[in-house]
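Engineer: So you can see what is in the structure, the chains are spelled out below.
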Amino acid sequence: MLEVLDGGWLTTIQDLGRPGYERYGIPVSGAMDFFALRVANGLVGNPPGAAGLEITLVGPVLAATAPCLVAVTGADLTFRVDGWEMPMWMSVFVRRGSVISFGGRRRGCRAYLAVAGGIEVPPVLGSRSTYLPGRFGGWEGRALRAGDRLPIGPVSGHLPERAGRRFPPHRLPAYSDCPTVRAVPGPQDDHFPPEGLETFFGAEYRVSPTSDRMGYRLEGPPVARRRAEIISDGVPPGAVQVPPDGQPIVMMADHQTTGGYPKIATVITADRPLLAQCVPGESRIRFAAVDIAEAQRCYREMMARLDAD
Amino acid sequence: MTFPRILPVGDAALVVEFGDEIHPDIHRRVLALDHALAADPFPGLRETVPTYRSLLVYYDPRQLSWDEARRLVANALARSTDTPMPEPREVEIPVVYGGEFGPDIGFVAAHTGLSEEEVVRLHTSVTYTVYMLGFAPGFVYLGGLPEALATPRLPTPRPSVPAGSVGIAGLQTGIYGLSTPGGWRLIGRTLLTMLDLNRQPPTLLQPGDRVRFVPTG
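If you read the protein sequences in the order shown, they are chains V and D.
Residues 1 to 309 (my numbering) make up the first sequence, in order.
Residues 1001 to 1217 (my numbering) make up the second sequence, in order.
Excised from the complex, chain V in its bound form (with noise of 0.2 Å):
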């Protein structure tokens, strides 16, 4: 069991998301930082779907009550144990009573703490990620706090030969402070005159400090529109909406299923941990526009480098 001594800023359950529930309103969720989470469970030996935490920004304190097998991958947040900093992207041993901390932000928003047997939470729709709008799932559909005592699954084998394991830094995402997003551009790609497409794949934006886990609204220079709203219609993570202000909006894992802004793009699946690492109110962001073959091969790609062991 791992007990929450201090809750820090955004600390949920999350795991690969639950799918198949779009059409009643319900988004998928799930770690922003999906790379992030399927390497720290597969540095401890999880299935990769299983449940860790999603750290945000200030991390928490959790007491390890029992002997057990941790990851922390994602952003660098300073991660410690019994306030000795540890190597991030490993497999750590943490002893009965140790105590896992976070000194403080270097890089990046997100950290993935992962634990080998899983945070053993009861799914909601087969999902233990936390759906945060609608309060549910997860730890009862909230962020962590002091006092809560997470349960973790059985493990077999002994935990300490297992600890050093690493993930090699060659093989992470383009993580940056100004990354560069590949998109797709469309569907209503036709709703942009030319002008808009140009300052929408050209101009730099700055993560407003309003983002959130729905979505990542940008300030820059306005994206001229064509016409008025669409029909509202079905719309994927990852996928650019352009409001009347101009001011695009990019949806994230929690984002409303629906919507009736013209998208202007969708950001591929491998670009999407990129954006979850960016900071609100901080970071700066290009899109670049691919075609799908492209962004299909980077997918691919992706999935190689995480399943390449």
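Please note that a few of the clues may not be correct.
Stated by the list, open to error - Beta-carbon label-pair distances, calculated as ranges:
{"#": "1", "chain 1": "V", "residue 1": "V61", "chain 2": "D", "residue 2": "S1125", "range": "45 to 53 Å"}
{"#": "2", "chain 1": "V", "residue 1": "G147", "chain 2": "D", "residue 2": "G1144", "range": "19 to 27 Å"}
{"#": "3", "chain 1": "V", "residue 1": "E229", "chain 2": "D", "residue 2": "E1087", "range": "29 to 37 Å"}
{"#": "4", "chain 1": "D", "residue 1": "D1067", "chain 2": "V", "residue 2": "S176", "range": "30 to 38 Å"}
{"#": "5", "chain 1": "V", "residue 1": "A174", "chain 2": "D", "residue 2": "D1060", "range": "37 to 45 Å"}
{"#": "6", "chain 1": "V", "residue 1": "S156", "chain 2": "D", "residue 2": "N1198", "range": "29 to 37 Å"}
As the list claims (entries may be wrong) - On the chain V side, residues computed to face chain D include the following (Cβ under 8 Å):
{"#": "7", "residue": "P19"}
{"#": "8", "residue": "P87"}
{"#": "9", "residue": "W89"}
{"#": "10", "residue": "F93"}
{"#": "11", "residue": "L125"}
{"#": "12", "residue": "G186"}
{"#": "13", "residue": "D233"}
{"#": "14", "residue": "P236"}
{"#": "15", "residue": "T258"}
{"#": "16", "residue": "T266"}
{"#": "17", "residue": "T269"}
{"#": "18", "residue": "Q296"}
{"#": "19", "residue": "R300"}
As the list claims (entries may be wrong) - Take a look, some chain D residues computed to stay more than 10 Å from chain V by CB distance:
{"#": "20", "residue": "A1039"}
{"#": "21", "residue": "L1077"}
{"#": "22", "residue": "D1082"}
{"#": "23", "residue": "M1085"}
{"#": "24", "residue": "E1087"}
{"#": "25", "residue": "G1099"}
{"#": "26", "residue": "P1103"}
{"#": "27", "residue": "F1107"}
{"#": "28", "residue": "A1109"}
{"#": "29", "residue": "T1129"}
{"#": "30", "residue": "L1133"}
{"#": "31", "residue": "G1138"}
{"#": "32", "residue": "P1152"}
Hints listed in this document are in silico derivations from the structure and should not be mistaken for laboratory results.
Ideal placement from N, C-alpha and C gives every residue a C-beta, glycine not left out.
Position chain D against the provided structure of chain V, taking the given hints into account.
Structural biologist: Only chain D this time, still in chain V's reference frame:
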């Protein structure tokens, strides 16, 4: 622009558009394709989202290229004209209109020039079609609102609308699945459970259902 047309939406989804307006015939074609895909799902199909006039289709890009996915969906589209559709379900939704459950019914009455009783009578006089669920879990978008009831939405959304609230926004009427912020004009509330996360499917209503509202005390 000719319909239907199939467009990519990123690397793991495509959309099939059947038109550019809200119309029951267009929606029927959305449901027909949805049904055809559900009846014979191709390997790599993940999930589908029926909306007013299009169907969003998620697929696995590890298994299918865009061209392959498009071809498989086009095949289903061709089959869908022949695939028999089940009869739509008819569902009655009991609603307590007005009072604390419908705080905006007075505004709707004033705006439309009708009495509150006439608002209720009109709202309960037609059979609606569930066009889609979206915006929030279990939120139901219904088609068929009598035009005389059209009322603009709130200028500022309420921070919290109770689950089961029945509202009007423009020419649309709908039902809130769970408690969320919302800008629709609330005229009543149903005590039926619209969203139950322990149930399969988790919502009472599905796209294509026919709905009648029944006033209850």
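Engineer: Where does the structure disagree with the numbered hints, that is, which hint numbers, in rising order?
Structural biologist: 1, 2, 5, 8, 9, 10, 30 and 31
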